[in-house]
Amino acid sequence: MRSRLPFNLKPFKLAGPLLLLGLTACTLTQAQVPPRNIPIHQNWVLQPGSKVGDFSVVGSLGDVSIDLDGHKIKAPFDGQVQPAEHDCIAFTSPEIPAYLFRLCGVTRPRLGDVKAGTVIGRGDVLQFAAMRRQPDGTWAMVEPAIDVLEKTFAK
Amino acid sequence: MTPHHPRNPTREQYTSYFPDARTSGAYPTDFAPPSRPTSVMPRPPVARSQPARAATPRRSRAAQPPRRSRNAWLAGGGMLALAALVVVPKPSLPQAEQSASANVVCQETIKSESVLSRAELSKLLAIAERAPKADIQAVIDEPYCTLPPVNVRAGVVSNREAYPLEFNPQTWFIVLYEDGEYAGFDFSFERD
Numbered sequence: 006m007r008s009r010l011p012f013n014l015k016p017f018k019l020a021g022p023l024l025l026l027g028l029t030a031c032t033l034t035q036a037q038v039p040p041r042n043i044p045i046h047q048n049w050v051l052q053p054g055s056k057v058g059d060f061s062v063v064g065s066l067g068d069v070s071i072d073l074d075g076h077k078i079k080a081p082f083d084g085q086v087q088p089a090e091h092d093c094i095a096f097t098s099p100e101i102p103a104y105l106f107r108l109c110g111v112t113r114p115r116l117g118d119v120k121a122g123t124v125i126g127r128g129d130v131l132q133f134a135a136m137r138r139q140p141d142g143t144w145a146m147v148e149p150a151i152d153v154l155e156k157t158f159a160k
Numbered sequence: 684m685t686p687h688h689p690r691n692p693t694r695e696q697y698t699s700y701f702p703d704a705r706t707s708g709a710y711p712t713d714f715a716p717p718s719r720p721t722s723v724m725p726r727p728p729v730a731r732s733q734p735a736r737a738a739t740p741r742r743s744r745a746a747q748p749p750r751r752s753r754n755a756w757l758a759g760g761g762m763l764a765l766a767a768l769v770v771v772p773k774p775s776l777p778q779a780e781q782s783a784s785a786n787v788v789c790q791e792t793i794k795s796e797s798v799l800s801r802a803e804l805s806k807l808l809a810i811a812e813r814a815p816k817a818d819i820q821a822v823i824d825e826p827y828c829t830l831p832p833v834n835v836r837a838g839v840v841s842n843r844e845a846y847p848l849e850f851n852p853q854t855w856f857i858v859l860y861e862d863g864e865y866a867g868f869d870f871s872f873e874r875d
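Just so you know, the protein sequences line up as chains A and B, in that order. Each step along the first sequence adds one to the number in our numbering, with nothing skipped, and position 129 is 134. Each step along the second sequence adds one to the number in our numbering, with nothing skipped, and position 126 is 809.
Don't read these hints as lab results, they were simulated from the structure. Be a bit skeptical, because a hint or two may be false.
To be verified - Here are the computed distance ranges between Cβ atoms for each label pair:
id : chain 1 : residue 1 : chain 2 : residue 2 : range
1  : B       : Ala837    : A       : His91     : 31 to 39 Å
2  : A       : Val50     : B       : Ala764    : 20 to 28 Å
3  : A       : His91     : B       : Arg753    : 48 to 56 Å
4  : A       : Val130    : B       : Asn834    : 37 to 45 Å
5  : A       : Val57     : B       : Ala764    : 22 to 30 Å
Said to hold, decoys possible - Simulated coverage check for chain B against chain A, where a stretch passes if three residues somewhere in it have a Cβ under 8 Å from a Cβ of chain A:
id : region
6  : 811-818
7  : 823-834
For every residue, glycine included, the Cβ atom is placed at its ideal position computed from N, Cα and C.
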């Protein structure tokens, strides 16, 4: 039965697998970054992603909420971005040992090794948490310096 | 396909499929499979405000624009453009912006021949975080260089010292101090 479409289907048949290949290539490279488990020193019950009834907690105690309105989020130092629980990402850098930044609310984050200044995503309302490693291996929430925040959201 | 069967046949050809076709509404047999094998799915005739095409002289096939190949090019080009958007990696930032915010260089070289041996490294790893700075300095010598001080925590300036590893000079051991306390270490790979 001949197609009723006004154009020929042959180009679609050729480009379809190509498009699929491209999409799988993109998703596979992102999937290779292992997730990061962040045991928090302050044993708060509510964390980003917790549920209160039908509603999700977006930011918890220790998160600094930034109204980015879709602006870019950049890596403040050379480091690596790993996925964390509940749509959050963990940023660590060998240049600042003993510190970890947890960013929640980042849309389409760029995972893996990144250079300082590389865009790692965008966000509407970002929840930024700075954590410092404790001797027992847990991470304690600390107040981030404005300097680091400026490096992360600088235009 | 019959010899004279253009892509979009004129109305007059369809009327033969519908002996008593009506111009308004759908004909019940429109949705039934054709009773005899046909190469084109019959379309019900639709009332047109413009005069029927049959009234105008039909152009010969040779004079008609090659609609099929043009549409094919458009469709193929569109799909390739879509694929390119997906496959092409994200554009990187301009080099000037990257180097301005990069913090990879030493601020001050302290002792250019300073390296960290395996024995010193294993002793360092045994020291817990938040130990006084003196504990670290008891194990290792002066650093190769100091990195610029950084403000990570509000109200606290962090100092960093770097030591290349003796057994792997391209890997640096970076130590962070805050308020005279040892905060932690990390390894920085692929350094010059």
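- Task: Given the range 22 to 30 Å, decide if the beta-carbon distance of A:Val57 to B:Ala764 lies inside it.
- Result: Hint violated: Cβ distance 45 Å, outside 22 to 30 Å.
Given coverage of the region 811-818 of chain B by chain A, checked by CB-CB distance under 8 Å (3 or more)
holds (count 3)
Q. Between A:Val130 and B:Asn834, does the beta-carbon spacing fit 37 to 45 Å?
A. Cβ of A:Val130 to Cβ of B:Asn834: about 24 Å, so the range 37 to 45 Å is violated.
So does A:Val50 sit 20 to 28 Å from B:Ala764, Cβ to Cβ? The hint (20 to 28 Å, Cβ to Cβ) is violated, given that A:Val50 and B:Ala764 are roughly 49 Å apart.
- request: State, for the Cβ atoms of B:Ala837 and A:His91, whether the hinted interval 31 to 39 Å holds or is violated.
  value: 25 Å, violated
C-beta pair A:His91, B:Arg753: status relative to the range 48 to 56 Å that was hinted
Since the Cβ atoms of A:His91 and B:Arg753 sit about 50 Å apart, the hinted range of 48 to 56 Å holds.
Examine the region 823-834 of chain B: at least three residues should have C-beta closer than 8 Å to a C-beta of chain A.
-> It holds: at least three residues are needed, and the region 823-834 of chain B offers 3 whose Cβ sits within less than 8 Å of chain A.
Comparing the model with each earlier hint shows violations of hints 1, 2, 4 and 5; every other hint is respected.
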